[in-house]
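> Here's the letter readout for the chains.
Protein chains: 2
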Amino acid sequence: MHAVASASRLKGQTIVLVPTMGFLHEGHLSLVRQGRKLGNQLIVSIFVNPTQFGPNEDFEDYPRDFNRDVQMVAQENADIVFAPEAADIYPANFQTFVNTTNLSNKLCGLSRPSHFKGVTTVVAKLFNIVQPHIAIFGKKDFQQLIIIRQMVCDLNFDIKIIGAATFRESDGLAMSSRNTYLSQRQRSSAPALYQALLNAQKMVNANIKKTSTLIQKTTQFIEARPETQIDYIAICDPRTLEDLKLVKQPALMALAVKIGRTRLIDNMILTP
Amino acid sequence: MHAVASASRLKGQTIVLVPTMGFLHEGHLSLVRQGRKLGNQLIVSIFVNPTQFGPNEDFEDYPRDFNRDVQMVAQENADIVFAPEAADIYPANFQTFVNTTNLSNKLCGLSRPSHFKGVTTVVAKLFNIVQPHIAIFGKKDFQQLIIIRQMVCDLNFDIKIIGAATFRESDGLAMSSRNTYLSQRQRSSAPALYQALLNAQKMVNANIKKTSTLIQKTTQFIEARPETQIDYIAICDPRTLEDLKLVKQPALMALAVKIGRTRLIDNMILTP
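Chains as they are written, first to last, in this note's numbering: chain A, 1 to 272; chain B, 1 to 272.
Watch out, some of these pointers could steer you wrong.
Since copy identity is lost for identical chains, a pair holds within one copy or between any two.
Stated by the list, open to error - Under the rule of at most 20 Å between Cα atoms (straight-line distance), these lysine to aspartate or glutamate pairs were calculated in the EDC-like manner:
(1) 160 - 88
(2) 106 - 141
(3) 217 - 79
(4) 210 - 243
(5) 209 - 237
(6) 245 - 171
(7) 106 - 223
(8) 37 - 223
(9) 202 - 171
(10) 248 - 227
(11) 11 - 158
(12) 248 - 237
Quick caveat, the hints were computed from the structure, so don't treat them as lab data.
Sequences and hints are given; from them, build the entire structure.
Okay, structure coming up:
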């Protein structure tokens with residue numbers, strides 16, 4: 001991959017990377033399509049990264065279908081699928097980690113303490129392997145997106161990071177490979193996350209600006225659905241992820257909810 | 001620097017980086033001369049990196065003479081001196097660190113607990129800024145050299161790391177910008193470090209293989225000199241830095257000694 005990337009750069013090509021954990025859905029494909037327009041060497045990586053899963057999380061169970069993924073990527077005319085083995089990415093004696101400290105300790109970082117360290121480490125590695133000019137990440141993982149941006153800035157990667165809009169099912173549920181875990185009953189609860197975000201924007205429109213009120217109403221709304229258990233609901237500064245008391249300027253509303261044993265996330269910028 | 005590096009790479013040039021903290025001496029210049037032969041875009045960086053100094057160390061006092069450094073580098077026909085400001089390398093809100101864990105917790109890492117984290121972080125940044133094909137580090141900082149090699153391997157930097165031989169004064173003292181701290185009396189104690197290493201090799205030649213004996217004799221030898229205080233003397237595996245009991249194959253002998261308030265280091269590969 002180093003040799004391919006160097007040759008590509010010497011030819012003056014623009015390398016675009018879309019990093020994924022595979023089991024692709026329309027959300028991923030929307031990133032791939034965006035990438036296709038932005039460069040002439042489009043690389044989709046597929047790697048279920050063990051270091052971003054906690055000890056009691058779903059690394060083993062995470063859905064995988066490599067052959068289907070490759071077909072889907074080929075249909076979008078990507079140039080390369082980069083799908084390394086875990087033993088190549090983390091050989092014996094591996095011991096170097098990249099950690100973006102402040103932003104990683106908030107929101108999802110509270111219930112997943114080493115998650116973002118795993119993300120920044122593998123993304124730094126992918127950046128060095130693939131040597132992209134541009135990399136595309138979904139806004140569904142908003143915290144991940146701004147942590148990557150911070151890492152790119154802090155470590156001086158010469159890479160443009162693009163945040164791509166969240167892709168949703170017709171009932172509003174944000175697309176996620178983890179949606180396949182849901183039973184039918186759980187699946188009917190899942191759109192509550194997006195509905196809750198829309199409701200919060202409506203409340204803001206109706207001049208309810210206190211985040212404590214917004215969060216309380218949202219909690220009640222979600223908890224009324226079967227099998228839901230809230231991990232967090234936060235309204236915060238979209239750059240620092242610091243909690244806000246009032247929605248006076250565009251604010252990130254982010255939430256994580258367990259539906260049965262499946263943890264789903266979603267977010268929206270609330271605009272006053 | 002990103003723009004210069006990209007343009008240089010597009011032209012097919014080979015970029016060589018010699019990272020320094022300035023106050024250059026013949027040791028640095030030997031690295032620069034080696035670099036001059038290896039590429040056609042030779043970049044010498046000068047940056048006294050605050051994050052690799054502990055709170056009670058000599059960051060403020062570290063010797064600096066930028067104009068003299070630039071002249072010396074120019075005489076060696078380097079192409080670029082890259083000398084950023086600390087505020088550019090560590091802007092407000094900087095929060096991303098690179099840490100090579102196991103190797104950083106040994107030898108110098110024991111008395112300088114965050115030193116190597118600062119080193120790997122700034123070197124990763126310099127690599128991303130300068131985008132070298134080759135980077136040269138001195139073997140005097142042997143632990144630093146192998147930590148950088150480990151980081152390059154772990155984070156998949158496409159960079160060749162070259163270790164350059166230690167440059168010594170005529171009496172054997174390893175060249176270091178910190179040698180300027182020494183009083184005349186302290187300076188006369190300083191060659192004991194190298195003499196101790198040579199003595200150890202002689203003992204090994206005389207079939208003394210037990211590292212406990214070698215370390216004990218070396219301790220006595222150094223402590224007999226005025227104003228010396230040993231930080232550590234270790235004989236270890238040059239790849240893992242794990243302590244050895246016997247010198248059965250090439251072994252790293254590394255030592256750190258305070259002479260007055262100045263901490264000096266040196267090392268040698270002992271060969272049985």
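> If any of the earlier hints don't hold here, list their numbers in rising order.
3, 6, 7, 8, 10
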